[in-house]
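Undergrad: The residues making up each chain are set out below.
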Amino acid sequence: MTYICIMKSKKIIDIAEYMGCDLKSRYAVRDFREWVENFHESVIEIDFKGVNFATRSFIDEFYRTFLKNADIDIELVNVPEDIQAMFDAVKSGKKKTNSKTIADNDNAVLKFSSVSDVNDYLNSLAF
Amino acid sequence: MKIDVKISIPDDDFLFGLQEVLKIIECINQCDENEVTIVFHEKTFVTPIFILPLLVYEKGCNKKLIYDNKNSYLNTICFSNGGLKSDSFDSPMRFSEKMKSYSKKTFIPIINFSTDNEFTTERNMILTAIENMIASRLNLRHNITYGLKYIVEECVDNIIEHSESERGYIFGQFYPKKKFLDICIADNGITLLGSYRKMPSNVYTDDLSAMQAANRGISTKNLSAAENRGFGIVTSKKMLIDGLNGYYVMLSGSALHLKNRKVDKYLLLPAHIKWQGTIIAIRIPYVDNNNFRYIDFVE
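Those protein sequences? They're chains A and B, same order as listed. Each residue of the first sequence is one higher than the one before, starting from 1 at the first, in my numbering. Each residue of the second sequence is one higher than the one before, starting from 1001 at the first, in my numbering.
The hints are simulated quantities; they were obtained by calculation from the structure and are not laboratory data. Any given hint could turn out to be false.
Below, a sample of chain A positions facing chain B; criterion: calculated Cβ distance under 10 Å [stated by the list, open to error]:
id, residue
1, CYS21
2, SER25
3, ARG33
4, VAL36
Using 20 Å as the maximum straight-line C-alpha spacing, the simulated EDC-like pairs for lysine to aspartate or glutamate come out as follows [stated by the list, open to error]:
id, chain 1, residue 1, chain 2, residue 2
5, B, LYS1262, A, ASP120
6, B, LYS1002, B, GLU1058
7, A, LYS111, B, GLU1042
8, B, LYS1198, B, ASP1242
9, B, LYS1002, B, GLU1042
10, B, LYS1221, B, ASP1242
11, A, LYS111, B, ASP1004
12, A, LYS11, A, GLU41
13, B, LYS1238, A, ASP14
14, A, LYS11, A, ASP47
15, A, LYS111, B, GLU1026
16, A, LYS91, B, GLU1164
17, B, LYS1059, B, GLU1033
18, B, LYS1274, A, ASP117
19, B, LYS1023, A, ASP117
20, A, LYS10, A, GLU45
21, B, LYS1238, A, ASP117
22, B, LYS1023, A, ASP88
23, A, LYS91, B, ASP1013
24, B, LYS1274, A, ASP88
25, B, LYS1265, A, ASP47
26, B, LYS1259, A, ASP120
27, B, LYS1265, A, ASP88
28, A, LYS49, A, ASP71
29, B, LYS1178, B, GLU1026
30, A, LYS11, A, GLU37
31, B, LYS1177, B, ASP1011
32, B, LYS1023, B, ASP1004
33, B, LYS1262, B, GLU1033
34, B, LYS1238, B, ASP1296
We put the CB at the ideal spot given by N, CA and C, even for glycine.
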């Protein structure tokens, strides 16, 4: 019996090599996605081994526009603990009602008609 | 008309610089002339919450402001030129070399960066270089450095995503003996209100309500998956104030927001006091924060 094993080719990308060890900015994700798609690979492995830090905005953009919607299989490897926690937060995606009214809180809002009144108030603060 | 600036802003008083800017703006408004000269005298010492609000105000002012700068510090931070333009250097490496000349100072110069998406990679490298320089200069622990990076980067990303400003600004001063740093990040774009006005079903019609909405995490991006938007400001503030016992000030249009552990206020400024842009000023203490972990604040 002859077995033929067909393996999908896999492109391995070191994300820190492309973007640096700090992952930030939503636009950088869009750039990265375009670059990855140009490889025309069916499976991409993204290695996070050199990553030190990421903003939530980056991870949100990465997850939402890249991981969820890419037409390719993406595997993430060596994801640092903090970055994984960020992915988990984004995946859990707190549903917020986009309430269009702001609850009145008279104590929090102050209106001023003169600069001297503003400055008197600022002087009075524990700031 | 000439306005003489002979102030020395005490570093303990975070809001003092803002008060001085408000006085200057008041004078400018009261002046009938179309040209106003602001004279900075030699012994003047100012803070980030003075510098960037004045810079942004000037960009949106309908009068011509001329600076007569007799102050060497303001020259060093590149104030008269509107800051050090990061994209005027051949490469991020050249910019980093320039920044090395500030590595022993207690400030970074005003950095004037392009918001053009074409410069995304360069901008990110430059911001990383600045953050790392600050961390190294102040010998910040990793946990504080990541908090600083998070807060700064989320502010910058908001400028890129929402402000429609061609330029963004960042300026920082450090106080090693008192163990805190002040950073100000600003744009001269469409303001928070301008950003909300672009939403099809916008309900916010004034600077104050727009500012309150932004600080509640209501995103201007009306996308189907927008439940994960709007966390930048909220998380950054929690990290800064609850986590690091810091101070947060936001200015946009005629609205001002102040927050620390004791104060949480929104102020509507007099109508003639208006910034065409958004400015965020923060103070980050970096002592007694050994237990701080930025990831604990990410929802």
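Undergrad: All hints are to be evaluated individually against the structure, with a verdict given for each.
TA: Hints versus structure:
no., hint, result
1, CYS21, "8 Å, holds"
2, SER25, "5 Å, holds"
3, ARG33, "13 Å, violated"
4, VAL36, "15 Å, violated"
5, LYS1262/B / ASP120/A, "18 Å, holds"
6, LYS1002/B / GLU1058/B, "15 Å, holds"
7, LYS111/A / GLU1042/B, "36 Å, violated"
8, LYS1198/B / ASP1242/B, "32 Å, violated"
9, LYS1002/B / GLU1042/B, "16 Å, holds"
10, LYS1221/B / ASP1242/B, "27 Å, violated"
11, LYS111/A / ASP1004/B, "29 Å, violated"
12, LYS11/A / GLU41/A, "7 Å, holds"
13, LYS1238/B / ASP14/A, "32 Å, violated"
14, LYS11/A / ASP47/A, "11 Å, holds"
15, LYS111/A / GLU1026/B, "17 Å, holds"
16, LYS91/A / GLU1164/B, "29 Å, violated"
17, LYS1059/B / GLU1033/B, "17 Å, holds"
18, LYS1274/B / ASP117/A, "16 Å, holds"
19, LYS1023/B / ASP117/A, "11 Å, holds"
20, LYS10/A / GLU45/A, "7 Å, holds"
21, LYS1238/B / ASP117/A, "29 Å, violated"
22, LYS1023/B / ASP88/A, "48 Å, violated"
23, LYS91/A / ASP1013/B, "41 Å, violated"
24, LYS1274/B / ASP88/A, "41 Å, violated"
25, LYS1265/B / ASP47/A, "44 Å, violated"
26, LYS1259/B / ASP120/A, "17 Å, holds"
27, LYS1265/B / ASP88/A, "33 Å, violated"
28, LYS49/A / ASP71/A, "24 Å, violated"
29, LYS1178/B / GLU1026/B, "32 Å, violated"
30, LYS11/A / GLU37/A, "11 Å, holds"
31, LYS1177/B / ASP1011/B, "11 Å, holds"
32, LYS1023/B / ASP1004/B, "11 Å, holds"
33, LYS1262/B / GLU1033/B, "42 Å, violated"
34, LYS1238/B / ASP1296/B, "10 Å, holds"
In this structure, the hints that do not hold are numbers 3, 4, 7, 8, 10, 11, 13, 16, 21, 22, 23, 24, 25, 27, 28, 29, 33, in rising order.
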